Amino acid sequence: MDKIHVLIIDDEVEFAEALAERLELRGYLPKTADSGRGGLEAVGVALPDVILLDLKMPDMSGFDVLVEVKKKYPTVEVIMLTGHGASSSGIKSMERGAFDFIMKPVDLGELMEKIKQAYRKRLANSM
Amino acid sequence: MKNYFKKIKVFSSAFLPEVHTDGGYGRFRLMLFGAMFLISFIPLIFSTSLSSREHRKLMEIQEKEQLVLSIESARNTIEAFLHELQSMVKFVAEQYSYDELLGQNKASELFAHLKNQYPGFVDMGVIGPNGIQKKYAGPFRLEGYDYSNQDWYMKVLARQVDISDVFMGYRKLPHFVVAVSNKLPGKEEYWVLRLSIDVETLQNYVSTVNTSPSQDIFLVNHQGQLQTKSKIFGGILGTCPFFTHYQKGETVIHYPEYEGKKYLRSYAQVKNSPWIVVIVTEGYMHGEKWSSHRFRVRMIFLGCTIFALIVIIQLVNTITNRLREAEQNRNQAVIEAQYTNKFASIGRLAAGVAHEINNPLAIIDQKAGLMTDLMENSTPFEHKEKLIHSVTGILGAVQRCKVITHRLLGFARRMDVAFEHIDTSDLLKEVLGFLEGEAIYNRIRFEMSFPDKLPMVFSDRGQLQQVFLNIINNAIDAVGKNGLIAISAEPSGREMIDIKIKDSGSGMSHETVKRIFDPFFTTKEAGKGTGLGLSITYGLVKKLGGKISVESKIGEGTVFTVRLPTNDVQNEGNYSG
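Chains as they are written, first to last, in our numbering: chain A, 1 to 127; chain B, 1 to 577.
One thing to keep in mind: the hints can contain errors.
[Stated by the list, open to error] Chain A regions said to be covered by chain B (calculated; three or more residues, Cβ under 8 Å): (1) 7-17; (2) 28-40; (3) 94-105.
Calculated from the structure, these hints are not laboratory results.
A quick note: this is a predicted structure, and the numbers were derived from the prediction, not measured.
C-beta: ideal position from N, C-alpha, C; glycine also.
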C-alpha cells in the first residue's frame, strides 16, 4: 500500500507537529499547516489524500476551508478534528462533505483507522 | 457583613418562595368568609326586618280598620234597637191620652199587648205631673212611688224622650228605662210614660252583635259603669278601667295594659242614649297568631342562615384550596424551571470549559504519545523505564480528563433523538446484558417483574439505554456484594409508564437525595465517578418527554422511578431535538 499523504490544518502548532511526527513514525506522509489559508495553499501545492482539519482557527473557520477544498478537489477526504465537539458542528461538517467528525483528544489508533477508511474511500472515488 | 447576608437571604427568598405558606391562607380564608358572610347577611337581615315591619304595620292598619268596622256595625245595631224601643214608647204615648191610661184596666191591657209583642219589657208606669206613679203594670207593686227626684225623670221632662242608665232602682234588679213625657192637654204640666226593660234583653242584643270570640263587646255609661257584662272586666254595674281614657270622637285607642295583657279597644257613642259601646280585643299583634308568625319568620331566618353558612364555608374552603393548590403548582413549576435553568447554565459553562480544555489536552496527549514512541525506538538509557512509566501515567490522566470533557460535552449537547416504539422489557434485558459481568462478579441478583401487556414507550433507544445503564450502574455501586436490584414496570395513567429500579443498598440521606441530580455531585470516592452520570440521565429523560424521581430512606435502599411517554403525539416537537 502506498504511503498516505495527510495534511494537518490546525492553529495549535504543537499539536499538529507532534501528531505529524507520530504519524510519520507509523509510515504516513504528513504535512502541517497552521492556518486556514496556509492549509488551502498547501493543498494547492501538493494534493494530500486525507486532510485533518481543525474547526476554530483565527483567520478562517474549518467549515470554510472544508467547503473550499471540497469545491476544488472533491475526491480529497477531510476528517474534522476539533476540541469543539458540538453535535451541530458535526452535522454541519457532514453536510458539507466531511468524511468524519472526531473530537480531541483522540486515540491515535482510532485516528489512524479513520484515516485508512478515508483513504480507501478516496481511492474508490478516484478510480 | 451582616447586611450582606441579609441581602442574600432576601434575594434567595424572593427567588425560592416557600411551598408551605399556609399562614397567609388562614387570614385570607377568614377575610373571604367575613366578606361573603356580610354580603349575604346584610341584605337578608335588612329584607327580613323590613318585611317584618311592613307586615306588622299592615296588620295593625288592617286590625284597626276591622275594629272600626266592628264598632260601627255594633253601634248601628244597638242604635236601631234603641230607636225601635223609643218609637214604640213614643207611639203608645201618642196613641193614648193620660186620662185614658189612668182608666180601670187600660194600662194592664196595653202592657200585656206590648209584652206580647216585645218580651223584653218588664213593666210599665204612668207618672203624673207631680212625679208620682199613677198607674203601674208589671210584676212589682210600684204604684204610688215617687220618681220626682230620680235622674231619668228630670231628664225626660227636659228632653221628652230619654233612655236611662242601667240601674237597680226600686226593684233591686238591673234594668233601664225608656220614658216619654207628654204635655197634658190645655196645661203646662207633663205626664210621663215609662217602660222599663230588663237588662238581659240588652245583654242578649249586645251578645248577638259580637261575632268574634276573641272580642269583648259591652256597653258602658259616661261614668265608666258597665251596662252589660264584659268578659274581661266583669258583671253589670262593675267598673271599666279603660273608660278613664275615653275621649270624645276617638274610635280606636291603642293597647293599654290590663292585668299584663295588651288590648286594642274601640269606642262609639250610641246616639240618643247615655251609652258608649266598647269593643276590647286582644290585638293580633299581641296574640298567639302573631307570636307564631314571628316564630315562623325566625325559623325561616335561622334556616337560611344555617344554609348560607354551610354554602359559604364550603365555598370558602374550595376557593382557598384551589388557590393554595395553584400556588403550590406554581411554586413547583418555579422550582423546576430553576432546576432546568441551572442545568442549562451549568451545561453551557461545562461545555465552554470542556472546549477550552480539549485543545491543550490534545497537545499533552500527542506530546506524551510522541515521547513514548521516541523512547520505545531509542536504545536503553538511564531512567528509561521510569520515564516510560511516567509518560504512561500522563497518558492515563489524559484519558481520564478526556472522559470528563467528552461527557460534559455530551451533557451540554443537544443530542439528536430518533423516536421509535420500544419494548422496555427487551431494552432493560439488553442493558442488564451489558452489566452482567460486573453483576456476576459482585454476586448481585436482578429481579425483573414486567406485566404481560405493557404498552411500548415512544422514545430513543440509545438514549434510553444510557439512562438505564446509568441508573443500574449506580444501583450496582449502591448494593455492593450480594445485593438485589428489582426492576418493575407499570402503566401510569393512559399515556405513561413507570419503570422502577429499586436497590437493596444503604439508602441516602434527605440532603443527598436533594442534590442527587446536580452536576458534579457524587458520593463515590475521588476518581471513581465524575458526578455527571445522573445529571446527564436527568437531562436525557427530560428530553425524552419523561420524568425521573428518586425516593430513598437510609437503611432501606433507593428507588428510582423513570416515567416515560407511550404516546408519540406529545413528542412530535422534539424529533429534531
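Exercise. Check whether three or more residues of the segment 28-40 of chain A sit with their beta carbon closer than 8 Å to a beta carbon of chain B.
Key: Violated: only 0 residues of the segment 28-40 of chain A have a Cβ under 8 Å from chain B.
Quiz item: If you look at each residue in the segment 94-105 of chain A, do at least three have a Cβ nearer than 8 Å to any Cβ of chain B?
Solution: holds (count 3)
Quiz item: Against chain B, does the segment 7-17 of chain A show at least 3 residues with beta-carbon separation below 8 Å?
Solution: holds (count 3)
In this structure, only the earlier hint numbered 2 is contradicted, and the remaining ones agree with it.
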